[in-house]
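There are 2 protein chains.
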Amino acid sequence: MNSRPGKETPPILYRDRVRAEWVDYNGHMSEAYYVLVFGYATDAFYDLIGMDDGYRRRAARSVYTLESHISYLMEIDEGGELVVRSQVLGADRKRVRLFHSMHHGEHGDLLATSELMLLHVDTTGPRATPFAPEIQARLDTIVEAHAELPRPSQAGRSIQLN
Amino acid sequence: MNSRPGKETPPILYRDRVRAEWVDYNGHMSEAYYVLVFGYATDAFYDLIGMDDGYRRRAARSVYTLESHISYLMEIDEGGELVVRSQVLGADRKRVRLFHSMHHGEHGDLLATSELMLLHVDTTGPRATPFAPEIQARLDTIVEAHAELPRPSQAGRSIQLN
Numbered sequence: 305m306n307s308r309p310g311k312e313t314p315p316i317l318y319r320d321r322v323r324a325e326w327v328d329y330n331g332h333m334s335e336a337y338y339v340l341v342f343g344y345a346t347d348a349f350y351d352l353i354g355m356d357d358g359y360r361r362r363a364a365r366s367v368y369t370l371e372s373h374i375s376y377l378m379e380i381d382e383g384g385e386l387v388v389r390s391q392v393l394g395a396d397r398k399r400v401r402l403f404h405s406m407h408h409g410e411h412g413d414l415l416a417t418s419e420l421m422l423l424h425v426d427t428t429g430p431r432a433t434p435f436a437p438e439i440q441a442r443l444d445t446i447v448e449a450h451a452e453l454p455r456p457s458q459a460g461r462s463i464q465l466n
Numbered sequence: 305m306n307s308r309p310g311k312e313t314p315p316i317l318y319r320d321r322v323r324a325e326w327v328d329y330n331g332h333m334s335e336a337y338y339v340l341v342f343g344y345a346t347d348a349f350y351d352l353i354g355m356d357d358g359y360r361r362r363a364a365r366s367v368y369t370l371e372s373h374i375s376y377l378m379e380i381d382e383g384g385e386l387v388v389r390s391q392v393l394g395a396d397r398k399r400v401r402l403f404h405s406m407h408h409g410e411h412g413d414l415l416a417t418s419e420l421m422l423l424h425v426d427t428t429g430p431r432a433t434p435f436a437p438e439i440q441a442r443l444d445t446i447v448e449a450h451a452e453l454p455r456p457s458q459a460g461r462s463i464q465l466n
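In order, the protein sequences belong to chains A and B.
Each number in the working numbering corresponds to the 1-based position in the first sequence with 304 added.
Each number in the working numbering corresponds to the 1-based position in the second sequence with 304 added.
So that you can see chain A by itself, here it is in the shape it has in the complex (with noise of 0.2 Å):
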């Protein structure tokens, strides 16, 4: 990831455009691939932090995700463009919190957050296990830079009437 301490926005870490196969009969892009893109996003960050799928393979391990919150705040048509950017909100040695904007790729409106919880397994196991040294010190690098980065009034929310 490109951020800086001090530098306002994360990273953008994957850009597409609404497919037809995306949208439901209102033509607007559907719950279901908004989770499909903001997965993408999550396999870029896997590739940034060195657990590219060559790697996982390679070394029996893998990321599952435990949970997500999303949070979806516009539509979008077919054929729009789409861009994720990414913040890590904090990282132990086994997990990850991942959050996710996406934004209209033309006007830059917020469409939809994903904050999500990460682990780290031995599919071996499969069991959690602490990532590798080499993997952990790329995590805490970003942590470190992405602590300057305003946190995003959707982090943290559960479901409440009230």
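Calculated from the structure, these hints are not laboratory results.
Don't take every hint at face value.
Which copy is meant is left open, because identical chains are indistinguishable; a pair holds if it fits in one copy or across any two.
As the list claims (entries may be wrong) - In silico lysine to any residue, SDA-like type, Cα no more than 20 Å apart, as pairs: (1) K398 <-> P315; (2) K398 <-> T445; (3) K398 <-> N466; (4) K398 <-> L465; (5) K398 <-> Q464; (6) K398 <-> R319.
If you're wondering where the values come from, they're calculated on a predicted model, not measured in any experiment.
Go by the hints and put chain B onto chain A.
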């Protein structure tokens, strides 16, 4: 919904089988498709309260998902049977708090849960608007019946490292 007070299990609103296009290279259902399946269960809930597709078009009303919180608990392979049970945790004049639990259709294991905040909308605005009286009456009946069910342990969660 066929829940009656004292009945311990929320009703089944949706059944399916994991389709080939829903699985990743490991043969497990991908995150976005859990959300797709939960979306089908939400559609079944709309039918149940009388807000089916025909009503929504005629009345120029719709229901938007504002937020969802998903807990991924267990993997399921291509071809596996899915059953979704649905519990209404609360409602007011414009909103419903809905909780889905996805189980394996054969051995019953809990695979994932999704908690949703849904907003009733006048699509001519679009703007939030109260439910029609007959819809509100159906909702209130379900809320009352489901108040007797155990509260799911995943309800009301937020994403936190500690």
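Structure-based check of each hint:
| no. | hint | in the structure |
| --- | --- | --- |
| 1 | K398 <-> P315 | neither (23 Å within a copy, 37 Å between copies) |
| 2 | K398 <-> T445 | within (16 Å within a copy, 44 Å between copies) |
| 3 | K398 <-> N466 | between (34 Å within a copy, 12 Å between copies) |
| 4 | K398 <-> L465 | between (33 Å within a copy, 10 Å between copies) |
| 5 | K398 <-> Q464 | between (29 Å within a copy, 14 Å between copies) |
| 6 | K398 <-> R319 | neither (28 Å within a copy, 35 Å between copies) |
Of the numbered hints stated above, those contradicted by the structure are hints 1, 6, listed in ascending order.
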